[in-house]
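Undergrad: In order, the protein sequence lines correspond to chains A and B. For the first sequence, this note's numbering assigns the number 310 to the last residue and increments by one with no breaks. For the second sequence, this note's numbering assigns the number 440 to the last residue and increments by one with no breaks.
Bear in mind the hints are in silico, worked out from the structure with no lab data behind them. Treat the numbers as computed from the prediction; the structure is a model and nothing was measured. Just so you know, even glycine gets a beta-carbon here, dropped at the ideal spot from N, CA and C. Keep in mind that a hint or two might mislead.
Listed next, the stretches of chain A that the computed footprint assigns to chain B, with coverage defined by at least 3 CB atoms under 8 Å from CB atoms of chain B [as the list claims (entries may be wrong)]:
id: 1; region: 126-133
id: 2; region: 203-211
id: 3; region: 218-230
id: 4; region: 240-246
id: 5; region: 281-288
The chain contents come next:
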Amino acid sequence: MSQMSTDAMSQSREPRDPRKSASQARRAPQISAKVAIFYTALIVAALIWLTPVITLVLTALKDAGDFAVNGAFSLPKSIRWANFSEAWQTGVGNYFWNSVIVTGIKVPIGILIEAMAAFALTHMHFRWANKVFVYVLVGLIVPMQMTLVPLTLLMNALNLIDTLTGLIILYIGFGVPFGVLVMRGYFRTLPPAIIEAARIDGCSWLKIFYRIALPLALPAVVSLCILDGVATWNEFILAQIFLRSDELRTLPLGLVQFSTQFSTQYDQLAAAVLISVAPVMLVFLLFQRYFVAGMGGAVK
Amino acid sequence: MRFLPWIFLAPALVIYSVVVVYPMLYSAYLSFFRWDGVAPKKIFVGFQNYVVLLTHNDVFWIALKNNAIWLAAALLVPTSIGLGSALVLNSRFRGSHIFRSIFYFPAVLSLAVVGLIWTWIYHPDLGLANQLLDALHFKFLERHWLSDPQIAIYPVILAATWNAVGLPMLLFLAGLQTIPSELHEAAKVEGAGQLQRFWYVTFPLLRETTLIVLAITSINALKAYDIVYAMTNGGPANRTQLLSTWMYFLTYNYHEVGLGTAIAVVLFSLPLIFAIPYIRLMTRKI
Numbered sequence: 011m012s013q014m015s016t017d018a019m020s021q022s023r024e025p026r027d028p029r030k031s032a033s034q035a036r037r038a039p040q041i042s043a044k045v046a047i048f049y050t051a052l053i054v055a056a057l058i059w060l061t062p063v064i065t066l067v068l069t070a071l072k073d074a075g076d077f078a079v080n081g082a083f084s085l086p087k088s089i090r091w092a093n094f095s096e097a098w099q100t101g102v103g104n105y106f107w108n109s110v111i112v113t114g115i116k117v118p119i120g121i122l123i124e125a126m127a128a129f130a131l132t133h134m135h136f137r138w139a140n141k142v143f144v145y146v147l148v149g150l151i152v153p154m155q156m157t158l159v160p161l162t163l164l165m166n167a168l169n170l171i172d173t174l175t176g177l178i179i180l181y182i183g184f185g186v187p188f189g190v191l192v193m194r195g196y197f198r199t200l201p202p203a204i205i206e207a208a209r210i211d212g213c214s215w216l217k218i219f220y221r222i223a224l225p226l227a228l229p230a231v232v233s234l235c236i237l238d239g240v241a242t243w244n245e246f247i248l249a250q251i252f253l254r255s256d257e258l259r260t261l262p263l264g265l266v267q268f269s270t271q272f273s274t275q276y277d278q279l280a281a282a283v284l285i286s287v288a289p290v291m292l293v294f295l296l297f298q299r300y301f302v303a304g305m306g307g308a309v310k
Numbered sequence: 155m156r157f158l159p160w161i162f163l164a165p166a167l168v169i170y171s172v173v174v175v176y177p178m179l180y181s182a183y184l185s186f187f188r189w190d191g192v193a194p195k196k197i198f199v200g201f202q203n204y205v206v207l208l209t210h211n212d213v214f215w216i217a218l219k220n221n222a223i224w225l226a227a228a229l230l231v232p233t234s235i236g237l238g239s240a241l242v243l244n245s246r247f248r249g250s251h252i253f254r255s256i257f258y259f260p261a262v263l264s265l266a267v268v269g270l271i272w273t274w275i276y277h278p279d280l281g282l283a284n285q286l287l288d289a290l291h292f293k294f295l296e297r298h299w300l301s302d303p304q305i306a307i308y309p310v311i312l313a314a315t316w317n318a319v320g321l322p323m324l325l326f327l328a329g330l331q332t333i334p335s336e337l338h339e340a341a342k343v344e345g346a347g348q349l350q351r352f353w354y355v356t357f358p359l360l361r362e363t364t365l366i367v368l369a370i371t372s373i374n375a376l377k378a379y380d381i382v383y384a385m386t387n388g389g390p391a392n393r394t395q396l397l398s399t400w401m402y403f404l405t406y407n408y409h410e411v412g413l414g415t416a417i418a419v420v421l422f423s424l425p426l427i428f429a430i431p432y433i434r435l436m437t438r439k440i
């Protein structure tokens with residue numbers, strides 16, 4: 011298959027290459043058949059892969075009667091935009107803003123403290139760096155379930171149950187391991203000479219951090235912003251345990267609740283799901299390459 | 155001067171210790187007690203909670219078996235599809251970026267949303283799965299996918315797989331990009347065929363990536379929770395419980411905090427097996 015794709019690549023560019031001889035041009039029809047098969051296979055695979063999403067969009071656009079008669083996978087008889095506004099008014103709008111607040115506050119604070127920690131671990135000649143890093147990495151494998159009961163007691167004692175503030179604090183704590191991992195991966199690629207030079211010039215560590223290291227690490231910061239933003243937007247279990255009242259629910263939790271409450275109103279439910287997915291889809295399309303960069307940083 | 159790094163580390167370390175580490179240790183401690191979560195007195199019972207789970211709790215075994223099936227599926231299916239699609243999409247042809255986005259896309263959706271979408275697909279009358287079988291004249295294969303106790307876990311795993319392919323694909327793509335193309339050229343000149351080149355050049359150089367992929371996939375597989383909650387809520391008849399969901403039921407519905415935390419400890423110990431090589435790899439290059 012990989013051979014096939016390399017062919018597709020080189021051949022599709024061939025007609026514009028003046029150095030290619032006429033004999034190769036004569037072989038062209040046969041080759042483009044190969045290219046055509048390659049693309050057809052890919053497009054078919056992509057369509058199958060996206061079937062659930064296509065179903066979702068089609069369901070969100072049709073009215074309930076159309077869905078009941080023709081099922082999910084048929085073109086809507088008439089497009090019904092009202093599904094979106096109705097879903098928005100039945101609570102989804104509220105869930106949406108809660109998610110915006112939580113993500114909007116959690117991500118910047120989280121990244122700032124994670125970057126500071128990662129900077130200390132990589133550039134401050136810190137004897138315990140390796141031990142502290144392992145201590146932080148353990149958090150990557152802790153299942154949420156392992157913390158729920160004590161956290162319930164703790165949040166209860168602090169009166170933070172059923173508040174967005176409490177949820178944000180938890181999210182920041184659980185975000186530390188991955189954030190430190192990504193930022194450390196990037197800071198390690200910064201030449202120590204830059205930091206040393208600034209030290210010699212009498213720059214304080216705090217100044218080096220926010221004037222030199224952080225700006226240089228901008229690609230990693232952006233990657234982390236996106237990965238962390240999506241993860242926070244999608245988080246379910248902590249929200250489920252620690253948010254009790256309907257008006258505080260974030261989107262994933264609200265949607266599941268919405269689905270049990272309006273289990274037969276597939277049109278509105280699908281519209282609600284689309285509303286929750288839209289920002290993620292937008293971020294993904296705009297900043298696609300940062301997903302790769304961020305994950306690359308995590309495994310470096 | 156010597157304590158300055160600690161000041162930089164403090165905010166992250168303090169909040170991480172309070173929110174993650176301390177609760178984790180306290181959970182382990184609680185797993186040795188019988189407690190309903192509210193009573194002022196906890197009764198120390200030693201390892202009894204673990205014994206009860208292993209001998210008197212059928213659902214624990216169902217959940218453990220489901221976790222094992224889930225883990226096996228996660229190690230095989232999304233990783234292979236991820237590797238396959240990464241190999242195809244690694245070369246730059248026109249539109250390769252669009253296809254990468256398409257195959258990665260389900261990975262950015264929340265598992266709750268993935269669960270909801272697939273619940274419609276499995277709907278007995280209106281869902282795509284049965285309608286498709288109907289159209290293909292395979293009516294005898296039609297099922298009440300999510301309410302048939304014999305099979306319900308498999309449709310849920312399939313839905314989770316759809317979401318789980320993106321990450322391995324991304325990691326394999328990153329891994330493939332580090333392989334210098336000269337190696338392939340050289341092997342080609344030496345007369346190595348396509349399969350030989352994959353087996354002797356690509357595959358050995360992807361060893362580290364593969365290890366990371368397997369570690370991350372297995373850790374994520376054991377964390378599965380939201381999707382089951384959204385699709386079946388552990389039913390029918392507890393047949394789709396995982397350790398994670400069963401822990402929730404025991405703790406928050408049956409107020410068996412001791413049993414719940416004991417499950418959490420089991421759930422935490424399992425990924426350690428996979429995580430240790432991963433953590434060693436992360437800290438090696440220092």
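Undergrad: Would you mind marking each hint as holding or not holding in the structure?
TA: Right, here's what the structure says about each hint:
no.: 1; hint: 126-133; verdict: holds (count 5)
no.: 2; hint: 203-211; verdict: violated (count 0)
no.: 3; hint: 218-230; verdict: violated (count 1)
no.: 4; hint: 240-246; verdict: holds (count 5)
no.: 5; hint: 281-288; verdict: holds (count 3)
Hint compliance for this structure: hints 2, 3 are broken, all remaining hints hold.
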